[in-house]
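Undergrad: Sequence:
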Amino acid sequence: MTTIKFDAKVLADVERAIRPHAADLFNDLGHHVMAIVEIASVERTEQGPDEEKDDAVKVRVVGIEIAGDEFTEEKLRQQAQTMYRQRTSGGTLDSVAS
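The sequence shown: position 56 = 56 (the working numbering), numbered continuously.
There's no promise every hint is true.
Unchecked claim - With a cut-off of at most 25 angstroms between alpha-carbon atoms, the simulated SDA-like pairs for lysine to any residue come out as follows: (1) 5 - 25; (2) 53 - 3; (3) 58 - 24; (4) 9 - 52; (5) 58 - 75; (6) 53 - 80; (7) 58 - 13; (8) 58 - 35; (9) 58 - 18; (10) 9 - 42; (11) 9 - 51; (12) 9 - 49; (13) 75 - 9; (14) 75 - 42.
To be verified - Estimated spans, in silico, between C-beta atoms of each pair: (15) 45 - 65: 39 to 49 angstroms; (16) 22 - 80: 18 to 28 angstroms; (17) 75 - 10: 42 to 52 angstroms.
In short, the hints are calculated from the structure, not lab data.
In this text, a Cβ means the ideal position worked out from N, Cα and C, and glycines have one as well.
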């Protein structure tokens, strides 16, 4: 199995996209926003044959667009639900109906 690690570096474009939501996120811990996120692998660590650790990949958020209104947020939520069903329905009736 490969361990996933998130890189803490925040790119300028990503920071600019999140900036308008910073106050809401700060003022209301647990506040949620719907977003489309693009990630890229930026580093990998392969273990030697005698090591019992998993290989690891570090990913970084390289692009993000956050819903700016309730209509867009609902559309993204619906899309996320559709993607979740597709990802988890392998071998079920849902996979035939999709």
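Undergrad: Next, verify each hint and record whether it holds.
TA: For each hint, the structure was consulted:
1. 5 - 25: 23 angstroms, holds
2. 53 - 3: 9 angstroms, holds
3. 58 - 24: 28 angstroms, violated
4. 9 - 52: Given pair residue 9, residue 52 is violated - Cα atoms ~28 angstroms apart, limit 25 angstroms.
5. 58 - 75: 30 angstroms, violated
6. 53 - 80: 32 angstroms, violated
7. 58 - 13: Holds, at roughly 19 angstroms.
8. 58 - 35: The hint holds at about 21 angstroms.
9. 58 - 18: Distance of about 21 angstroms is within 25 angstroms: holds.
10. 9 - 42: With Cα atoms ~11 angstroms apart, residue 9 and residue 42 stay inside 25 angstroms; holds.
11. 9 - 51: The given pair, whose Cα atoms are some 28 angstroms apart, is violated under the 25 angstroms limit.
12. 9 - 49: 31 angstroms, violated
13. 75 - 9: Not satisfied, since the Cα-Cα distance of roughly 29 angstroms exceeds 25 angstroms.
14. 75 - 42: 30 angstroms, violated
15. 45 - 65: 39 to 49 angstroms: The hinted range 39 to 49 angstroms is violated for residue 45 and residue 65, with Cβ atoms some 30 angstroms apart.
16. 22 - 80: 18 to 28 angstroms: 22 angstroms, holds
17. 75 - 10: 42 to 52 angstroms: Because 26 angstroms falls outside the window, the suggested range is violated.
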